[in-house]
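Which chain is which? The protein sequence lines are E and V, in order.
Quick note: the first sequence, position 328, residue 328 per our numbering, numbers continuous.
Quick note: the second sequence, position 41, residue 41 per our numbering, numbers continuous.
These aren't lab readings, by the way, just hints derived from the structure by calculation.
No false leads were mixed into what you were given.
Partial pick of chain V residues on the chain E-facing surface, computed with a CB cut under 8 Å:
no., residue
1, 13
2, 24
3, 27
4, 128
5, 142
6, 186
7, 195
Pairwise CB distance ranges, derived in the manner of DEER restraints:
no., chain 1, residue 1, chain 2, residue 2, range
8, V, 169, E, 392, 55 to 65 Å
9, E, 2, V, 81, 40 to 50 Å
10, V, 23, E, 181, 47 to 57 Å
11, V, 82, E, 128, 38 to 48 Å
Using N, Cα and C, we set each Cβ at its ideal position, and we do this for glycine too.
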Amino acid sequence: MELRSNEFKARAAANLGNEKLQKGLGLIKVKAVVNRANAVAEFGDFETLREAGKEIRNRALADLDLYLERFEREATARGAVVHWAENASEACRIVVDIAKQNGVKTAAKSKSMVSEEVGLNDALIEAGIEPIETDLGEYILQINDAEPPSHIVMPVIHKTAEDVADLFHAKHGTPRKTDPAALTREAREILRPKFLSADMGVSGANFLIAETGSTLIVTNEGNGRLCTTLPRLHVAITGIEKVVATLEDVSTLLRLLPRSATGQAITNYVSLHTGPKRLEETDGPQQFHIVLVDNGRSKLLAGEMREMLRCIRCGACMNHCPVYQAVGGHAYGWVYPGPMGNILTPSYVGLENAVALPNAATMCNQCGVVCPVKIPLPDLMRKLREEQMVRGLKPWTERAGLALWGWAAQRPALYALGTRIAVRFMKWLGGSEKLIHRLPLASGWSDGRDFPAPAGRTFRELYKERRT
Amino acid sequence: MSTRENILGRVRDALKRKVSPQDTASIDAHIAAHPLGMQPLRDWEPELRFRARAEALASTVEKVASLQSVPGAVARYLVVNNLPTGGICWPSLRKLDWIGAGLGMEDRPARGDDLVGVTGCFCAVAETGTLMFLSGPDTPAAASLLPETHIAIVEAARIVPFMEDAWALLRAERGSLPRAVNFVSGPSRTADIEQTVTMGAHGPYRVHIILVG
Chain E
1 MELRSNEFKA RAAANLGNEK LQKGLGLIKV KAVVNRANAV AEFGDFETLR EAGKEIRNRA
61 LADLDLYLER FEREATARGA VVHWAENASE ACRIVVDIAK QNGVKTAAKS KSMVSEEVGL
121 NDALIEAGIE PIETDLGEYI LQINDAEPPS HIVMPVIHKT AEDVADLFHA KHGTPRKTDP
181 AALTREAREI LRPKFLSADM GVSGANFLIA ETGSTLIVTN EGNGRLCTTL PRLHVAITGI
241 EKVVATLEDV STLLRLLPRS ATGQAITNYV SLHTGPKRLE ETDGPQQFHI VLVDNGRSKL
301 LAGEMREMLR CIRCGACMNH CPVYQAVGGH AYGWVYPGPM GNILTPSYVG LENAVALPNA
361 ATMCNQCGVV CPVKIPLPDL MRKLREEQMV RGLKPWTERA GLALWGWAAQ RPALYALGTR
421 IAVRFMKWLG GSEKLIHRLP LASGWSDGRD FPAPAGRTFR ELYKERRT
Chain V
1 MSTRENILGR VRDALKRKVS PQDTASIDAH IAAHPLGMQP LRDWEPELRF RARAEALAST
61 VEKVASLQSV PGAVARYLVV NNLPTGGICW PSLRKLDWIG AGLGMEDRPA RGDDLVGVTG
121 CFCAVAETGT LMFLSGPDTP AAASLLPETH IAIVEAARIV PFMEDAWALL RAERGSLPRA
181 VNFVSGPSRT ADIEQTVTMG AHGPYRVHII LVG
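Pulled out of the complex, with its shape left as it was, chain V reads as follows (with noise of 0.2 Å):
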């Protein structure tokens, strides 16, 4: 026999049981039903929630009227904070107008030398303050990582209370998972030394949020 059935074999020992076609049908009846486990009080508006979360953890937040402000947003925010005015972006977001900006935004996949990486997101979660990213050929995973600085544009018609309601999303709009599916909240850190919190373990050193609308 293979490991495979030694191990299985083992298991349906340790249950006292062999496996009927009922018992697979009850448990696939609960994944097909994925009841909602518990969560916790909703006592906040969604979008006033997502923003104090998130800059609780250390992001910082800001709001423009539509798409067409955030290379405007963008290039107030590197200059501001004296950072490179290049980089790279998510090839979804390319029609942008980065030049009318004074930006140089590349559409292409981040190198590990990348300083400023912009994306979208797929939603955002208000109970943490936290982004969602789902992996594509246009929205690579890479681009939210590498770079020393992330900003991220979201929606705010887009913020879900919580991260079940970014699976429900995820399950009307796209029916199955992509490759990566990352939660992101706040710039990358480590506790590590005396537990003393430090941002910039390996992922960015910080993350501006732009919410649009």
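Same shape as in the complex, but just chain E (with noise of 0.2 Å):
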């Protein structure tokens, strides 16, 4: 996927101003946050679950290399082949090869957001295979011309009924229509065929299970499960670090990941996949390939953000954020949109290609606290902005307004001069309203609200005067 992070200033200010988004990011503050609080409320003890959440993934990071290896040889001993990839490239190269000895022309994909950060629909194109996306939303982008999602869990959240109809009447030539259950059985209609004669299917994975070697998904539509039933290969493609322990620890993160994600108790589907068809079975792929990447991840292992890699990709955090509900996923720039990609994207593909990300947070913890295994998000992010200062990726504007502050504030008398000339001076901008209408160098933020003023004394005046 194009990377556009370092545009997130000007797309976030065009976002603003785009209504139609602004309708779809206002439903997730009624629905998407509205529903996680029902299941969290009627589960009961959520803190405990993130907790126990939060241990299992822990555990499987702190035994990586055991797990995956584990994993691996429990895969092969089904029958799957493990394949390894070092980065988005090879990735790319690993289905291309597959797809090509095994002479595939189409491939039906379920939802991954691993195959959309190492760019695999461009790679299966340029190679001359046909990459169907079958997720709802994410067909919907396909068609619409490659647009990259907008969300991890809800893809088109950026977009109306009235825009798909357009863009199905469009693209179909279909009468147009608006209601979103005759939208979606036009796309089941039109999707059937493509599936039924696909060479081979591509899905990601939530979970890999090192007691098992299976990859599990979760779905609701069910297209999971038709890309992992039907066609005669099945590839699934996932990060290094989605390996757990046991089915028991999957089962307890099942209980974190579609509440957190969508309210839901369980998503309608959860399958997990281990080894390609066996014996007289009539459905199921006759080659199982697993695509673990790294792609930065064990990068990510031995540093500072290395909690980051607990992520189960529920998008809670992003769904409570006030920037990203307020400006929507485009801004961000890359896969991973809100809290998760402030940290995420600046890691894998650079802190100096995604400068604007880890500021991009108000740091009021919403993500924190709501993450199911409770990743510091807020932390991690401070983390990058000092990490951005020590490596001069800050604005000249920033450093040189933190040097001068710095100075002063070492100089405690000439810095009490200042801060009294500064709130009397603000005092008398605020007037009888005792409100600042443009704050001199801010006024990006004064220009959509006012400042109140201060009431004419600093901090250590009133101190002073309480004391004696």
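Could you use the hints to bring the two separately framed chains together as a complex?
This is the structure in structure tokens:
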């Protein structure tokens, strides 16, 4: 996927004025957020469950090499072929090679963020293989000139039913319809024959289970099941961090993931795949390939961002983020939007290529509070901000401002004088309304709102007065 | 060195250790023990919970006394709902008297245009109102997926409280996992367009559960 994270500010500004996007984002607050809250309340002691989820993921990461080797051994013993990919291009090459060796013309895909991360669709097209996105949201995006998703769970949150109606009418040549049920039926009827004729199915994996060598996917639509049942080849592509130890561990995580993502107690379908079609089975793929992608993950394990590897991709952090809720997923410029993306994007593509992202947060910690595996997202963003300062990646105005403040703060008398002048000046600016309509040097902030004027004396002055 | 060795090498460096047999023993022991994780409070009776949850997820549920009564129940459901009275069933169900109930059930693999699929299930999970299916020659996965209407026969005695109990049953009865384990909780659905929940995305539009026992 094309990286545009350094355009964050411009794209965020444009999105604030995009009415359709704002309508979709508004629905997150009244649906996804409310549904999660209800599901969490219904469960009972969700805090203890989050702690359990954190421990399960930490256990897997603490022995990641051993769990991966065990996973590989179990999967291979059941007839799956395990491949390892260093980076995006290697992952694509592996999948394209599998397809070419087996004469694959079309590949039915269920939703996989790792496939977006490595740009698999473009690689398949380049090799003359037609990828067909089968998740309804991803299908809508694919026929809209391969538009990128704007949310990891609800990829077309930025589109209205009217948008989809126009798109289907134009691309399918069918009478225009706006009812979501009718649109869903239309996509089903167009995709069903494609499932039946596809040579290869491509899926992601929400989890890898070391105990059994199985991949696990959660879906609601059933497209994941079709992709992994009907075609003669199944390729599952996923990150190396997705491994967990046992079926019991994954059962606990399955209580966290759907509740956090969509407010469901369980997704419609939870499917585990262990090896290819067995003797005498009438369905299932003849070959099952599993592609384990590193693409920066082992580097994350070594550093301060390690906790991010616990992520189970529920999207709760973005649903609850006031910045995401305002600017939408496309502003973030890569596969992973919202707070998770603020960490993952700079980590995977380089801090210099995503300068704005660790700063695209209010540090309100809504993300940290809802994260099902307790990733301290604001802390990690703060560490990235520090690294930006050290590496000189902050804009010169910010660096100069902080340098000036640091210089003054080390001179208490000067600092006291400066602040006394500043608060009096700002009180005067506020006038009788006690509101400042335009802040010098911060018009971007005061264009949309007023700044409450200070009362006219500094904290130190007031404190001194109370002491005496 | 191969990519595999490079990746595992970096993971080991990150974890600051060299592998010793003892390390492997510790994860092997954890896997062998597969301790239970956190489960919600169980203040319900499994069958009642299963029914309530399944219905909340838009499945319909009825109960019959014995397996012999199943074809009649299937026929009634199909007629009442104005659905075709023929379709496919799992080979494991071929001995039921479908013809006697006026139904044309074929025990062959499902095709894309089959409208009704009748299956059994391995067991059911009360916590979430979920059906568990194991793939196999007599229990093909596509039968519960391709038809627009899925009818599942569930022995009431095989409703277990939690997913962990289903794993325990699987380990005890089968030893290892089949190619596919599918947990199904109601009709296929999507909320991709304006977060509006719509049934019948790619899988069945309706799931009817017949409890036996």
